[in-house]
Amino acid sequence: IRMSGIKGLQGVVRKTVNDELQANIWDPQHMDKIVPSLLFNLQHVEEAESRSPSPLQATEKEKESPTELAERCLRELLGRAAYGNIKNAIKPVLIHLDNHSLWEPKIFATCCFRIIMYSIQPQHSHLVIQQLLGHLDANSKSAATVRAGIVEVLSEAAVIAASGSVGPTVLEVFNTLLRQLRLSIDYALTGSYDCAVGVSTKIIKEHEERMFQEAVIKTIGSFASTLPTYQQSEVMVFIMNKVPLPSSQQSIEAGKAGENRNRLTQIMLLKSLLQVSVGFQCSNMLTALPSAFLDRLLSAALMEDAEIRLFVLEILISFIDRHGNRQKFSTISTISDISVLKLKVDKCSRQDTVFMKKHGQQLYRHIYLICKEESNVQAHYEALYSMLMLISIELANEEVVVDLIRLVLAVQEIAQINEDNLTAYNRCALFALGAAYLNLISQLTTVPTFCQHIHEVIQMRQKEAPYLLPEDVFVERPRLSKSLDRLGPEVFFWQSKISEVLGGSGYNSDRLSTPYIPQLTDEDRLSKRKSIGETISLQVEVESRNSPEREQRAPAEEITYETLKKAIVDSVAVEEQERERRRQVVEKFQKAPFEEIAAHCGARATLLQSKLNQIFEITIRPPPSPSGTITAAYGQPQNHSIPVYEMKFPDLCVY
15 IRMSGIKGLQ GVVRKTVNDE LQANIWDPQH MDKIVPSLLF NLQHVEEAES
65 RSPSPLQATE KEKESPTELA ERCLRELLGR AAYGNIKNAI KPVLIHLDNH
115 SLWEPKIFAT CCFRIIMYSI QPQHSHLVIQ QLLGHLDANS KSAATVRAGI
165 VEVLSEAAVI AASGSVGPTV LEVFNTLLRQ LRLSIDYALT GSYDCAVGVS
215 TKIIKEHEER MFQEAVIKTI GSFASTLPTY QQSEVMVFIM NKVPLPSSQQ
265 SIEAGKAGEN RNRLTQIMLL KSLLQVSVGF QCSNMLTALP SAFLDRLLSA
315 ALMEDAEIRL FVLEILISFI DRHGNRQKFS TISTISDISV LKLKVDKCSR
365 QDTVFMKKHG QQLYRHIYLI CKEESNVQAH YEALYSMLML ISIELANEEV
415 VVDLIRLVLA VQEIAQINED NLTAYNRCAL FALGAAYLNL ISQLTTVPTF
465 CQHIHEVIQM RQKEAPYLLP EDVFVERPRL SKSLDRLGPE VFFWQSKISE
515 VLGGSGYNSD RLSTPYIPQL TDEDRLSKRK SIGETISLQV EVESRNSPER
565 EQRAPAEEIT YETLKKAIVD SVAVEEQERE RRRQVVEKFQ KAPFEEIAAH
615 CGARATLLQS KLNQIFEITI RPPPSPSGTI TAAYGQPQNH SIPVYEMKFP
665 DLCVY
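According to my numbering, the sequence shown is numbered sequentially starting from 15.
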């Protein structure tokens, strides 16, 4: 009976779908009956999730199956759907899945939308995405498992549609997903779908909300990976602009509940950004990563929350690592032969050089400030190590290598002086981080004397202070020492020695001998750590306080409000004077008599001629005499000036 019914529906579809004289089969009153009937027959199949979504060439035996026949009929119906009929065909599918609670297992729902996406015309794919997004918003107060099912179906459909015409709705997809992410955070914090504590009678399970949040983040990553680079860049900027940061347009809520909400929102959005950045590959970082995006991202790197700082470091590493070297630096160690890592190294491109000239000091400054955080754990130091090494491999020329060495020596000084009262673990970790980096960078530079100095210090540490090496620090039970203030000079890397050995190999010794001092902004000095806003990176070369060049340099003019105001007023005054002079000239030529104008011009011409005569007298010398020179008094040679008509030329020169 079911087979006959499906065949009847198939005949109706074939007869009326394109026949203007028949009833319009695309009307909701007809689609609300046809589509659920086909879906009901599709449900009665074992292992629906293993079915191929592509059209099948059915055998005679398969034609006897109601499921196969229903699938072919549904494919045929959707394949004939025009642009204006897609909505009427998809809406009954969504209602059927809602009524029969088919979102939670998600297997059947995923199978249905695979069939839909592969059956409709490619240029109509974005309409299905819009329908799913609207349905997700309509179910924003449904159970987390239902929303998670819709999100995963959306993920499958969006990936298929990415090769079609999903372009116009790219940001709409991400906007809806991020909105659902924030709603889920509110539900988990308040325990209510009305975002007020104790109002809703529904029980919200926090672990289900976390599962939904992970599903959303996974969907964001999988969809972004199908997009071209320029759209991935737009998506990352879009997500970063949603992250609530102080000193930004995003509102920052006060109070304990507001802090929790802000923190969870920041973490979830940075997780989403990390998912997008993992699949992001670009050859020109300067155009792919706008300055405003990097400023906001790096401002989050200075927040007090250790988890947020770690996410920012991981995101930056994903951007910089373009040759898959990240995993080779996952463990901090002092290996003796860098060739075992089998690094993929390319020459630094011109675009990378420009990128580092523009943003290098900004990156160094944030690395330096992150190193000073007491809440850092092993994961932070591993991320810092990876980032330093990846910059050295992916973006470095000689100037960048010099700056990185200065930076690492400044980090060693943080641990050595300990002005920030870091713990013994933090200090030992910074010493070990510097040793591991200098060990590898010395082998990359292939300067024998540099390698020798680094190797000697590492050997001395192995004998005298093994707790300053990564092999003793970055383990499950670190072996530390409390006598870090009584260390001898032989266990430290010295800037003067490194400057000497690298300067002899062509590196900039003056720059190497200058200690690295980050340029701190007013915001760093005045703002609270928990609410640090966007940082302003000044691309300024910070030189040593003891440099003799610094004393000779004229002090920079202080730019204040009054200075700017004066400059604006002065420029306006100059324009007024010029305008008045032009008006007087025009008025004079319009009203003055001709004789006065002629006399004025004649006087100017006479003055000009006299000036020209003076110039000619000074610059024009008489020609040298062909008869040679005679010696005047005091032995000075003196030229004779003979008129041309008296000169004696050789016969061959006379015509």
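Simulated from the structure, these hints should not be mistaken for laboratory data. No residue lacks a Cβ here, since even glycine has one placed at the ideal position from N, Cα and C. Treat the hints with care, as some may be off.
As the list claims (entries may be wrong) - What follows is a list of derived Cβ distance ranges for each label pair: (1) A393 - I121: 35 to 41 Å; (2) Q365 - N113: 53 to 59 Å; (3) D208 - V292: 32 to 38 Å.
Against the structure, the hints:
In this structure the supplied range 35 to 41 Å holds for A393 paired with I121, their Cβ-Cβ distance being about 37 Å. For Q365 and N113, the Cβ-Cβ distance of about 55 Å falls inside the hinted range of 53 to 59 Å, so the restraint holds. Evaluation of the 32 to 38 Å hint for D208 and V292 yields a pass: the beta carbon distance comes to about 36 Å.
Taken one by one, the earlier hints all hold for this structure without exception.
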